[in-house]
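So the sequence shown is numbered by the working numbering: it starts at 3 and just counts up by one.
None of these hints come from the bench; they were simulated from the model.
There's no promise every hint is true.
Estimated spans, in silico, between C-beta atoms of each pair [claimed, not checked]: (1) K66 - G99: 32 to 40 Å; (2) E33 - A71: 38 to 46 Å; (3) P42 - I19: 33 to 41 Å; (4) S92 - N52: 26 to 34 Å; (5) T68 - I97: 50 to 58 Å; (6) S55 - A32: 27 to 35 Å; (7) D95 - V51: 52 to 60 Å; (8) R23 - R46: 28 to 36 Å; (9) Q36 - Q65: 28 to 36 Å; (10) T17 - V51: 30 to 38 Å; (11) R34 - A67: 22 to 30 Å; (12) V51 - V14: 39 to 47 Å; (13) R53 - G27: 29 to 37 Å.
Keep in mind the model is a prediction, meaning the values are calculated, not measured.
Idealized CB from N, CA, C, for every residue including glycine.
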Amino acid sequence: STLQDKGVPMPVQQTMIAPPRCRMGPITEAERAQVRAGSPVGTRYDTAVNRESAAELLAQRAQKATEQAAAPAARSREQDDAQEGGFGQSIKDAIFGTKR
3 STLQDKGVPM PVQQTMIAPP RCRMGPITEA ERAQVRAGSP VGTRYDTAVN
53 RESAAELLAQ RAQKATEQAA APAARSREQD DAQEGGFGQS IKDAIFGTKR
């Protein structure tokens, strides 16, 4: 049955259903080769390409980051605080603002 405008069911009626006019199963290898041969991009997908995956690129980035982190730092935190006025200066700047 189907529904009317406001969702009220209509009386059941006889309907005719046509079977599908396409194949319901997989195609054979010969048919697949024929489709590929007729496709303008078929030959492009026949050759395998082994590009770098995202996982490989991320692993390389992580390795570079660990190498850079392992290198000795040019300045330590104490040197940075001494140049900027230390922790007290940071609190003072946060409360009263900077005069830049």
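Now the hints, each set against the structure:
Hint check: K66 to G99, Cβ distance near 38 Å, so the stated range 32 to 40 Å holds. About 56 Å separates the C-beta atoms of E33 and A71, a value inconsistent with the hinted range of 38 to 46 Å. The given range of 33 to 41 Å is respected by P42 and I19, whose C-beta atoms sit roughly 37 Å from each other. For S92 and N52, the hinted distance range of 26 to 34 Å is not satisfied, since their beta carbons lie about 52 Å from each other.
One distance hint, 50 to 58 Å for the beta-carbon pair T68 and I97, is violated here, with the actual separation near 38 Å. For S55 and A32, the Cβ-Cβ distance of about 33 Å falls inside the hinted range of 27 to 35 Å, so the restraint holds. Roughly 55 Å separates the CB atoms of D95 and V51, a value that falls within the hinted 52 to 60 Å. A C-beta distance of roughly 31 Å is found between R23 and R46, which places it inside the suggested range of 28 to 36 Å.
The hinted window of 28 to 36 Å between Q36 and Q65 is violated, with their beta carbons roughly 47 Å apart. Distance hint check for T17 and V51: the Cβ-Cβ separation is about 50 Å, which falls outside the suggested range of 30 to 38 Å. Separated by about 45 Å at the C-beta atoms, R34 and A67 break the suggested range of 22 to 30 Å. In this structure, V51 and V14 break the distance hint of 39 to 47 Å, their C-beta atoms being roughly 57 Å apart.
For R53 and G27, the hinted distance range of 29 to 37 Å is satisfied, since their beta carbons lie about 34 Å from each other.
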